[in-house]
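Participant: As a plain string of letters, each chain reads:
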Amino acid sequence: MDPDAVAKAFVEHYYSTFDANRANLANLYQESSMLTFEGQKIQGSPNIVAKLTSLPFQQCQHSITTVDCQPSGPAGGMLVFVSGNLQLAGEQHALKFSQMFHLMPTPQGSFYVLNDIFRLNYA
Amino acid sequence: MHYVLYRELISLYIFMGLGEWGKRGRGREEMEEQVEGLGRAFVDHYYYLFDNDRSSLPSLYHSTSMLTFEGHKVQGVDEISQKLNLLPFDQCQHVISTIDSQPSSFTGGIMVFVSGSLKLPGEEHQLRFSQMFHLVPSSEGSFFVQNDIFRLNYG
Numbered sequence: 001m002d003p004d005a006v007a008k009a010f011v012e013h014y015y016s017t018f019d020a021n022r023a024n025l026a027n028l029y030q031e032s033s034m035l036t037f038e039g040q041k042i043q044g045s046p047n048i049v050a051k052l053t054s055l056p057f058q059q060c061q062h063s064i065t066t067v068d069c070q071p072s073g074p075a076g077g078m079l080v081f082v083s084g085n086l087q088l089a090g091e092q093h094a095l096k097f098s099q100m101f102h103l104m105p106t107p108q109g110s111f112y113v114l115n116d117i118f119r120l121n122y123a
Numbered sequence: 001m002h003y004v005l006y007r008e009l010i011s012l013y014i015f016m017g018l019g020e021w022g023k024r025g026r027g028r029e030e031m032e033e034q035v036e037g038l039g040r041a042f043v044d045h046y047y048y049l050f051d052n053d054r055s056s057l058p059s060l061y062h063s064t065s066m067l068t069f070e071g072h073k074v075q076g077v078d079e080i081s082q083k084l085n086l087l088p089f090d091q092c093q094h095v096i097s098t099i100d101s102q103p104s105s106f107t108g109g110i111m112v113f114v115s116g117s118l119k120l121p122g123e124e125h126q127l128r129f130s131q132m133f134h135l136v137p138s139s140e141g142s143f144f145v146q147n148d149i150f151r152l153n154y155g
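Order-wise, the sequence lines are chains A and B.
Mapping to this note's numbering: the first sequence position 17 is 17, numbers consecutive.
Mapping to this note's numbering: the second sequence position 22 is 22, numbers consecutive.
None of these hints come from the bench; they were simulated from the model.
Heads up, some of the hints might be wrong.
Claimed, not checked - Label-pair distances were calculated between CB atoms; the ranges are:
| # | chain 1 | residue 1 | chain 2 | residue 2 | range |
| --- | --- | --- | --- | --- | --- |
| 1 | A | G90 | B | G141 | 51 to 57 angstroms |
| 2 | A | F57 | B | Q91 | 25 to 31 angstroms |
| 3 | A | A20 | B | S56 | 46 to 52 angstroms |
| 4 | A | S32 | B | G141 | 37 to 43 angstroms |
| 5 | A | G39 | B | E30 | 14 to 20 angstroms |
| 6 | A | G109 | B | D53 | 44 to 50 angstroms |
| 7 | B | G141 | A | N21 | 45 to 51 angstroms |
By construction, the Cβ of each residue, glycine as well, lies at the ideal position given by its N, Cα and C atoms.
This is chain A alone, in the form it adopts within the complex (with noise of 0.2 angstroms):
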């Protein structure tokens, strides 16, 4: 399948369930996965979603401005490094945001999220 594409789906899949259900996020981790968030470390897909649902906001809307993705390895992994607004329920102005991904191939031909960086752009 075209990378790029893949790429995509991932991007809109992960965004629109962060958006619709956060705890939704939960199989898309895994117990080896990991995420800093703003310069926090968390690992396993319980500890992370845990994390994320955690967030100081109960609404939010992610658009997305660019996405780059590149094959990571002869394990089939992939990268994909994105960039976009979040935007908060009540908040005036949006916060613009980075992240990358690292998916990995599961067995059930599907991806995982290994690796998660994220980081909102001040200005």
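Following the hints, complete the assembly by docking chain B onto the known chain A.
Facilitator: For chain B alone, coordinates are given in the frame of chain A:
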């Protein structure tokens, strides 16, 4: 001298068993510290070369390396070298704001995620950017950049 210090750091981290992080018994915090230290050393070295000796940057890439620069994809040392040499500025200065690193797999690779500013001479305002690197151990006992993605962050 700067380059020598970087290579010594790389050797030290590899000697300390960075490539075996998947084995049991490895303290997670210790490994995280090693990875963060290596990420910082790489970032320091990479942008030093970029700002002071850009023609030496291709030495950090291999034939399988990929660079996506503002959406433009190139592969291999020659194409990457050409892309970096043809950027429309002779001088620049990178100022780094954040560096985040994680081990990328069970084979010793490292992901490094950087944000910062790029100053160009004669330009009043700095450009803000984000960049990610995937570093992979080389057979020579060092690391090379397997993946490199660069994006400007427009205000």
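Participant: Against this structure, judge whether each hint is valid.
Facilitator: Do the hints match the structure? See the list:
1. The beta-carbon spacing between A/G90 and B/G141, approximately 54 angstroms, falls within the hinted interval of 51 to 57 angstroms.
2. Checked against the given bound of 25 to 31 angstroms, the beta carbons of A/F57 and B/Q91, roughly 42 angstroms apart, lie outside it.
3. For A/A20 and B/S56, the Cβ-Cβ distance of about 48 angstroms falls inside the hinted range of 46 to 52 angstroms, so the restraint holds.
4. The hint said 37 to 43 angstroms for the Cβ distance between A/S32 and B/G141, and at roughly 26 angstroms that hint is violated.
5. Distance hint for A/G39 and B/E30: a CB-CB separation of about 19 angstroms, consistent with the stated range 14 to 20 angstroms.
6. Restraint check, A/G109 to B/D53: a C-beta distance of roughly 45 angstroms satisfies the suggested window 44 to 50 angstroms.
7. A hinted range of 45 to 51 angstroms holds for the C-beta pair B/G141 and A/N21, which are about 47 angstroms apart.
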